[in-house]
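Engineer: One-letter residues, chain by chain:
4 protein chains.
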Amino acid sequence: MFIQTIKTSGLAHLSYFVASGNKAVVIDPRRDIDIYLDIAKENECDITHIIETHRNEDLISGAPILSEFVNAEVLHGPNADGEVLYATTVKEGHQVRIGNLTLEVIETPGHTKDSICILVFDNDFDQGPVGIFTGDTLFVGDVGRTDFYPEESEHVAGLLYDSLQKIKAKAAASIIYPAHGAGSVCGDGMAEREFSTVQHEIMNNPLMGINEREEFIQQKITEHHYQPPYFSDMERLNMQGAPAYATFQMTSSVQVEQLENMRQQGYVLIDVRPIESYLGAHIPNSCCLPIDMITAYAGWLFSLNDKLVIIADDQNMARYAALHFARIGFDNIEHYFSTNMAMVAAKGSCFSTIDAVNAEQVKQLLKDDWHLLDVRKITEYEPIHIEGSEHIFLGHLADKISALSPDDKFITMCASGIRATVAAAYLQAKGYNNVKVFLGSIGAWQSKNYPVIKPN
Amino acid sequence: MFIQTIKTSGLAHLSYFVASGNKAVVIDPRRDIDIYLDIAKENECDITHIIETHRNEDLISGAPILSEFVNAEVLHGPNADGEVLYATTVKEGHQVRIGNLTLEVIETPGHTKDSICILVFDNDFDQGPVGIFTGDTLFVGDVGRTDFYPEESEHVAGLLYDSLQKIKAKAAASIIYPAHGAGSVCGDGMAEREFSTVQHEIMNNPLMGINEREEFIQQKITEHHYQPPYFSDMERLNMQGAPAYATFQMTSSVQVEQLENMRQQGYVLIDVRPIESYLGAHIPNSCCLPIDMITAYAGWLFSLNDKLVIIADDQNMARYAALHFARIGFDNIEHYFSTNMAMVAAKGSCFSTIDAVNAEQVKQLLKDDWHLLDVRKITEYEPIHIEGSEHIFLGHLADKISALSPDDKFITMCASGIRATVAAAYLQAKGYNNVKVFLGSIGAWQSKNYPVIKPN
Amino acid sequence: MFIQTIKTSGLAHLSYFVASGNKAVVIDPRRDIDIYLDIAKENECDITHIIETHRNEDLISGAPILSEFVNAEVLHGPNADGEVLYATTVKEGHQVRIGNLTLEVIETPGHTKDSICILVFDNDFDQGPVGIFTGDTLFVGDVGRTDFYPEESEHVAGLLYDSLQKIKAKAAASIIYPAHGAGSVCGDGMAEREFSTVQHEIMNNPLMGINEREEFIQQKITEHHYQPPYFSDMERLNMQGAPAYATFQMTSSVQVEQLENMRQQGYVLIDVRPIESYLGAHIPNSCCLPIDMITAYAGWLFSLNDKLVIIADDQNMARYAALHFARIGFDNIEHYFSTNMAMVAAKGSCFSTIDAVNAEQVKQLLKDDWHLLDVRKITEYEPIHIEGSEHIFLGHLADKISALSPDDKFITMCASGIRATVAAAYLQAKGYNNVKVFLGSIGAWQSKNYPVIKPN
Amino acid sequence: MFIQTIKTSGLAHLSYFVASGNKAVVIDPRRDIDIYLDIAKENECDITHIIETHRNEDLISGAPILSEFVNAEVLHGPNADGEVLYATTVKEGHQVRIGNLTLEVIETPGHTKDSICILVFDNDFDQGPVGIFTGDTLFVGDVGRTDFYPEESEHVAGLLYDSLQKIKAKAAASIIYPAHGAGSVCGDGMAEREFSTVQHEIMNNPLMGINEREEFIQQKITEHHYQPPYFSDMERLNMQGAPAYATFQMTSSVQVEQLENMRQQGYVLIDVRPIESYLGAHIPNSCCLPIDMITAYAGWLFSLNDKLVIIADDQNMARYAALHFARIGFDNIEHYFSTNMAMVAAKGSCFSTIDAVNAEQVKQLLKDDWHLLDVRKITEYEPIHIEGSEHIFLGHLADKISALSPDDKFITMCASGIRATVAAAYLQAKGYNNVKVFLGSIGAWQSKNYPVIKPN
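Going line by line, the protein sequences match chains H, D, A and X.
Residue numbering for the first sequence follows the working numbering, starting at 327 and increasing by one per position.
Residue numbering for the second sequence follows the working numbering, starting at 327 and increasing by one per position.
Residue numbering for the third sequence follows the working numbering, starting at 327 and increasing by one per position.
Residue numbering for the fourth sequence follows the working numbering, starting at 327 and increasing by one per position.
Just so you know, the hints here were simulated from the structure itself, not pulled from any lab data.
A few of these clues could be false.
A pair holds if it fits inside one copy or across any two, identical chains being indistinguishable in the list.
[Stated by the list, open to error] In silico DSSO-like pairs for lysine-lysine, Cα to Cα no more than 30 angstroms straight-line: (1) K689 to K633; (2) K496 to K349; (3) K367 to K333; (4) K417 to K756.
Turn these sequences into a full structure, and let the hints guide you.
Structural biologist: Pasting the structure below:
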């Protein structure tokens, strides 16, 4: 009898493998399901059920894929928008028994209307549940966002409040198992820690501590969250059931000579190496998106229909990047280029570079007509920024680029220089020839004690 | 920030790797420490501290070994009997900080006098500890045994009661992380489940539910526990610090022709294959001890000074067996024999067999002067057994064998037939020529509805 | 530029991964193709071609499966019987270039009419081939069998002679890479060694040393080889292309209570544990076929249409057995039983045993009306056997069992006792209640200096 | 019975595991010996002997380390300079038997005076050896260098000629197993291919084809080879026996704030990331040496006594780099810095960059007082170089740097830009502030059809 947590970095996603008596249930599986099969094999378990705590909008659910593989039933809460095609709808009180454990559904709408939580009872020690899978309803240190139904924002915030009170009442002695950890786009205040109890959250989680429904609603409706455009793709795919992810993709590596040609035919070249490598030398007109940034920004900058060519140090890095893309539905990746820019150049092909500049240099350049473009989130920018800087959130760069003149000179910045490099690369690939990256960005600026704007 | 549980089957031992901000603490490491190094490497952590919740009596502590490898300090509670040579003594309130976590010692004597528990605080959410490492003080469904100080059994049971109340008071909202799970020799009532909260234990654990000190003491002092003789070796080694376990042992495989010779020179031949294989054919005068039984019974049947030859299907099985022996201090294993009894016989060497008999056959044999020897624990035997059976606990067989005549005929039994085979093999190796194993044992007997003795 | 050998034990099959300049060719892939994909990935190669040296009759070719996975062309020699559906026919002189290597086809009929060998040239050092893939034409220490065209046995033996002369002429300085090693059903005289050169074979291989065509033919047509009935299935499947092997099979473990029921519905229960375990205790009416024996004897004792239930120590052993079955086309394996005969018996289920007897006991039993059944190959039996023993080759037992009376008492024997156990189990499962296994068999008998019959 | 090749990239070193009948011999093991233990374990072999074909000068021998671990004898040829402390001296005709194989020593001085080759005989097919381990005497496509005894260069070249004739005579039908493949500092003309036969070498290897002793000597003494200074360290260590390599090193990661301090205390900071990353942003005053370049250039640029801090993307990269250093005797590596230059800069620390320039830019810069420094080998420079370029071989840069003025401006170049970056970084770390790297170097220059100097 054990619960194993499966972390998916990038998405900060947590899924769970619950086993007892050679039967197992998987909660909120991700698209690349090998890991659940491996755990099942290692522990000689049959996966009999798969439960989705809600319809995910930030990643592809692996439930229909795993279901087909191991012939298990998928359970999903009551969905207002229509049927989840691959799932059985379950309501309050529905029970699943595996070995000596009983899993019981409680309905907890708010984050989404179909959100459920799952109580875990040990049949031999059944005075109250020992655990609760809380999906995106309750996190360690935060609660779910409630901005997915803009017309009824107060209503759903109120529903979430009610759901949290239900959890307090039914599962006060339980360990919580949420669907996300720190770094998720599904909430900003999450603890880095991944383990907690309902009781500890009552004492420590600011939103769990609010005991006035109206106060809770007011706080929730003033929160700011971004919704990347790919969320709507995820919602659609997670109703129908996305296809399986083929682990052996990209049989074809391409030659440097083909790259420019492919780009002109509409392929998007994406360099997934660390930003330092990109700055040092890169394929002309390639975009920059380091592996860790893929799940957060690919859905903003690119479309699920784009045909991608991955540029990486080697095939393993390319495959690993492709996996990150696949987790959020990017499947058009058949080609990669295993780069070594010295060899590229030695064959006579062109290369580009972008200068990294430090705070002192930035200060100097600003006197010389360079624009300072800050691409952080508005919630990062507003509290503190450099005078004269312009703000475009990195996720909005594709939409707002037309407001920038290709004849102007741009220094990009963010919190450290990583998102700034992604932005600078995007601009360079779109024909902006004068771009530099402020490496160190706001952090470096502050450590020099250069002046900043702090509204309050 | 994560806590990873490392299970060691056989011993049912749980150790923990606690990490935050690239620093880590290991709680109660086992002797084969590779797994902690691997986790450290995978997560890019430096192990800065190692904590022992108490002086282990059932296994070799890996603390001094890991300490030397990674240059980390070992912390241990105040020990009444003298100094743990490799450790720093820590008292109530001592704190260790790693990254954003604070670990704090509370003294919880009872199971042993040096028992401590460790509270885990998240510095950003510090209203009460979120977890507690409970060592052998509190398990899921049970509490620590208190029979290690026979002269002051009431006193230490009372200490344990007080310690549990301290846990309730200080860590009511915490997840518990005990040092053992179900199957340990350190407690009988443990849940198969390995996750719980203090609050859930208060509601479900029978001993945590007792609110009268005297009632608790009375219940504890009437419990029955066996103490294998190797416990005293463990206590000694865990004061001094046991040597590291060399993972590459047994460079020498031996030939079948050497086995009898080695046996006569004092080597003990131990066959670790499944009991069915042993029954089917085995090397004459070899003992039987399947891998899963090693940590539970090697310390009863053999001495740490014995020189062992492992008989296994292949080298991997032999190594895995040697690891189990090493975890409880058996280090004299340099040789193994990779058996295939058909090949052994084809070379002209002798082989032995033991008959497995079923309930019907047993019933018949009992009419024909065969003795039925039940080797279960007394706590299993007393509630239900077969009329006319004699009881010798398997752990006591070496001591009590002289009471059995080699001229008599014995059928051994237990709950299923596994311990019965270990016992039968032991007898056969000691020259008892008429032994059979009752496969299915009490279970098979009952399913036939044959009569049993049930005292109450 | 490397050649990696992939050994498949059981079948004693050798396949090859040949790589140069990030391109690769696979020679004679087996059905479970993961290993080729892994090597490709590790070395960042694209597999561009797959070559079959001939139509395999002893195993399922993985060529069509791998071909579909990596989109590579399959090449096959000219086939007299019709088209290999998934392959392109290549003739003498056909070349494939990968990186700096050239592979060149030479036609070498004999073993089969479509047999080809592949010369390997390094384009930078191209004075003669450096290697040759010899398929089943030339082995280390032996040459291919030529009994597949019984009506034209002299003709094909002659063809093989000519093919070997061609190899001597064209590839005298080459390393040889054959399709089988020692233990294969495709030849008896193979060296245990897997590396050789054409020149070394000329000096050491008895058949390569024959320089008279007629002498060679005479020797080949007097060889004795068995042809298991599944060979015809393999030939059919290797014309059409067998389906892929699903690595995640057997999601369903069955309970002991279901086994007898399933058996009565036509399932065949196959116990793949070591023979000692089977002898010690087994499920009534189950057959015995240890993992190592599967590829050699499953095709004799069972049919590709049989629905199998694997009985094993655990799921891993069951899966590994299923893989061996799949390599020769047995795909109807959805269920396994993870046995522990003590637990089986403890639940009240029945178990069977078979006695292992030694030479002395056999001698005694023979005086008491027991029949001694020797199941070795005729080529093993004829040179030496025990007086009074009856001979039925294990592969023929299913066909010839009707000649044995179930009322008689049988001791089975072979070279060691392994095949004898398979035979005894088969008899017991068919209702022969009096069977014993002579453990040690002819080897044990001889070591006692008991009398044997040696025709010469 | 098998021979497994173990490749060590970087060093282009080949070692071998030879097994028969559960005994094994390892030929020329490298320092990190885990791989031999793993192969032994997987194949259930005891390693009984270790053979060194000669005293290695380019890497640390693992023979004494492995010997101690598995208690095996080390064999070494007759050494003129004194005793190899950990080895038994073996002479012409010495035999080792394992299982069914016989290994036989033949003395083949030339490359070194103690060089031996090992013939491999299969006892069942013993007409001539089937394989020969040729050490550094004979490679695929080349023969050993003979410049280690400068005062007797003709003599030792003659010895090598004689040794090669001995190989032709004794092992004409053999597969060859040399100690190095393409890319080794022990020979320039080696084939990329790693498999060959003596016969094929006779036909294809230019030096094996020479049949006049004097002609052979003349050709050998005119060859040019570099001898890195660490060779003498290797020779010393490989007489005494180097200590084991501890696989778990570097428990301590350092903070960016400590780096400059450590550097001033004498630590050498070595950045092992790809050169593109180094160019993009790096820690000021760190050297650049990508992992693939370590074994070739660390011995030139640094001393075995230097205390190193590795700068890498993460701990795994740092460990992998440390392993490469350890293979050639650099053991003073206890610290690493896991870099992310954006975070470094965000904390207010400084960073440096180096510009990569293309052919057109170089052409322009040369008009503007920049010096073009070509760091290729003299054998690469002489046949083709750019007019006005200065030549300093990268390996000699430390020695010759004083000839360069820190006030001058340098563009470094090589064949592609990799060694050029190593050189530029070295200069920058030594205080040369104006350095740029010609990315693409001679290759890029030629593809532009810019003029070059070709002496002939």
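Engineer: A separate judgement is required for each hint: does it hold in the structure or not?
Structural biologist: Here's how the hints hold up against the structure:
no.	hint	verdict
1	K689 to K633	neither (40 angstroms within a copy, 38 angstroms between copies)
2	K496 to K349	within (25 angstroms within a copy, 36 angstroms between copies)
3	K367 to K333	both (19 angstroms within a copy, 17 angstroms between copies)
4	K417 to K756	neither (50 angstroms within a copy, 53 angstroms between copies)
In terms of the numbered hints stated before, the structure departs from hints 1, 4, listed from lowest to highest.
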